[in-house]
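**Student:** Single-letter residue listing:
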Amino acid sequence: MPIILKDIKKIYPGSKEPVIEGLNLTIKDGSFTVLLGPSGCGKTTTLRMIAGLEDVTEGTITVDNTDITRMEPGDRNLAMVFQNYAIYPHMSVKGNIEFGLKNYKMTKEQIAQRIKDVLELTGLTEFANRMPNQLSGGQRQRVALARAISKSPKAFLMDEPLSNLDAKLRNQMRSELIQMFKQMETTFVYVTHDQVEALTMATDIVVMHNGKIMQQGSPKEIYRNPQNIFVAQFIGDPGMNVFLLDDGNYIGFKPRGLRSSGSDRDFSFEADLLTSEFLGFDYQYTFETGMGRIVMRSIDELEPDNHYRLYVQDADLFFFDKDQNVCEPFAIGGLKGVYHADE
Amino acid sequence: MRMNERYELRQHGKVYNFFNKLLKNPYFLIAPAVIFDLWLTIFPMCFAVYMSFFKWDPISGRKKFLGLGNFRYLFQSEDFRKVLSNTIIFMLAILFVGLLLKILMGVFLNKRTPLHNIVQTVSFTPHIIASVSIAVIFMWLMDPNNGIFNMGLRALGLPTSYWYKGRDSALFSIIIVSIWAGLGSGALRIIAGLRSIPEYIYEAAKLDKSSPMKTFFKITIPLLSPTLLYMVVTTTASAFTSFDTVKMMTNGGPDNSTNLIAFYIYQQGLGFNQYGRAMAAAVILLLISGALAVINFTVLDKRVHYQ
Ligand SMILES: Nc1ncnc2c1ncn2[C@@H]1O[C@H](COP(=O)(O)OP(=O)(O)OP(=O)(O)O)[C@@H](O)[C@H]1O
Ligand SMILES: [Mg+2]
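Protein chains in written order, with the working numbering: chain A, 69 to 411; chain B, 15 to 321.
Among the hints, a few may not be true.
Going by beta-carbon spacing under 8 Å, a handful of chain A positions derived as facing chain B [what the hints assert, rightly or not]:
id	residue
1	Ala119
2	Gly142
3	His158
4	Asn171
5	Gly206
For lysine to aspartate or glutamate, the following EDC-like pairs were computed, each having C-alpha atoms within a straight-line distance of at most 16 Å [claimed, not checked]:
id	chain 1	residue 1	chain 2	residue 2
6	A	Lys77	A	Glu122
7	B	Lys220	A	Asp143
8	B	Lys223	A	Asp143
9	A	Lys170	A	Asp143
10	B	Lys220	A	Glu166
11	B	Lys232	A	Glu166
12	B	Lys220	A	Glu140
13	B	Lys223	A	Glu166
14	B	Lys220	A	Asp123
15	B	Lys223	A	Glu140
16	B	Lys228	A	Glu369
Just so you know, these hints were derived from the structure itself, not from any lab.
All C-beta atoms, glycine included, are put in the ideal place defined by N, C-alpha and C.
Isolated chain A (complex conformation):
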């Protein structure tokens, strides 16, 4: 029972340029799919089209083989958690959950039981009668979650639900969400621009850029085998170093694939150490190659203000063709310069 988006195009009223075009995406049933990408790439738009809050200009969306493209949001059997929670400010915690349930064909007893269950599940039982303005941000987020869960939807749609929380609470909610996901065996579609969130929570990551899907795969696939330079540079902490070659192709290597010593057979080049940052477990170094800056992560301690020869083993090299897609290894010609996809 997957959610399938087919040839989706979205043009916002009043503008001519589509923000999304030719988008094809299959969200597997029972997956925790994360839409990941830089700001403005169309993640929220995609999610809102699935929810029915935004019209689809062209294309179809199906859930369980039912075309829901033009269906009312309330009839899609999907629940959404908004970034700013969107809980009703004039209703108590209980009232917020009850409001939606009353529109379903449920008896009073069933509703009461359901409310009790979700309040327990989200740890809100003691706050049942509080008004939203008497709750902390984290508690409000839980109310939004409780409201979503109460409807036992086919899928949860979440738009950056943790971005308004502080770092500690975010970590805590993250693991709670993972637990919830495992308990409920429902599909989660989760939007974020935070790759740590994506890598830790997702079973499937969809990397988006300018309204297009750059790659879809498991966190490991995305991290280890980026399909193109955009994904390679977007994922990773920090992203991949890429050289543009004289022949128009590219080679890349991760900051952790860079070494300060190696053999003559390795790919190597000269660089000056500019800055070093101690990060606890390891160091992050920035080098000037004369063709642009590159970054290295290493547990080795390097002398500051020194000139180095840096090495990359064959196994750590990535090869990209002129279209910036991954390709078979080739003989490396002359280097033209350091390349950044986002510049």
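Fit chain B with the ligands to the given chain A structure using the hints.
**Tutor:** The following block gives chain B with the ligands in isolation, referenced to the frame of chain A:
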């Protein structure tokens, strides 16, 4: 901080220091506003209360203490009772019918198309036209012989009305004019209130399968309640001080049928030279509207949701 201040004091002369201190004194700073306020509101109010116990002729300057005589007169007077009941009918009508129409119009106009913007602007114009002009326009529209209203009714084959010139229809006419005059600005206030409700609340309601009706009564109205309370309070107050329309269109007639309390006060004072009696009526007005304000703020406030 303290060091700095002392240093400052030593640096300047006595006059400078005196003014420096004075200008930092909050009471000195708000004094002009307070004096102005005392002079223009508190003083006349006390004067009115004082005068309500006298029979006073301001031309000769003679006054005679009557005790509660003016009040006794008013409550025994058929006219004054009529005035009170007129005022209450008037208030309830513009409060309920007026507010309802304002809400309907606000909801209807709350869209951002160019057409809606034009209608919004146009419907606001009564607010910037002098109420006297509005009265004149309606006297012309409502003219029993060749006014447009009756022409329309005749064309539709419906019975015509004497409007503001008829004993039974005059108060109704005054109410129509008053509601009409406040409709545009009231609707605009509603629109402002509606726009302060975030869109995502409505999206959450849509996902909750809430019908448009349910959304309106369970979400829009409660979230609009601060605006509504404000409008109830100001509308009530304006009903009690409504004067221009009555003065222009009917002079309280025919047969006192449109005599409202503000007009009655004017009539007793400037018309009949009964200043003490007018002041007594003003005191009663003050008590009623004060009580209503208290009720509005205590009873209604509990039901208002402030975000
Ligand atoms: N209501 C709208 N009208 C017109 N353009 C819009 C509207 N909403 C979004 N856009 C445009 O559509 C594009 C995608 O926006 P969207 O909100 O989907 O991005 P996003 O990936 O969610 O970004 P973020 O991470 O910043 O939330 C952006 O270029 C944005 O300017
Ligand atoms: Mg977004």
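**Student:** Hint by hint, note whether the structure agrees.
**Tutor:** Evaluated hints:
no. : hint                    : in the structure
1   : Ala119                  : 7 Å, holds
2   : Gly142                  : 3 Å, holds
3   : His158                  : 4 Å, holds
4   : Asn171                  : 4 Å, holds
5   : Gly206                  : 19 Å, violated
6   : Lys77(A) <-> Glu122(A)  : 12 Å, holds
7   : Lys220(B) <-> Asp143(A) : 9 Å, holds
8   : Lys223(B) <-> Asp143(A) : 7 Å, holds
9   : Lys170(A) <-> Asp143(A) : 14 Å, holds
10  : Lys220(B) <-> Glu166(A) : 14 Å, holds
11  : Lys232(B) <-> Glu166(A) : 12 Å, holds
12  : Lys220(B) <-> Glu140(A) : 8 Å, holds
13  : Lys223(B) <-> Glu166(A) : 12 Å, holds
14  : Lys220(B) <-> Asp123(A) : 14 Å, holds
15  : Lys223(B) <-> Glu140(A) : 9 Å, holds
16  : Lys228(B) <-> Glu369(A) : 66 Å, violated
Of the numbered hints listed earlier, those contradicted by the structure are 5 and 16.
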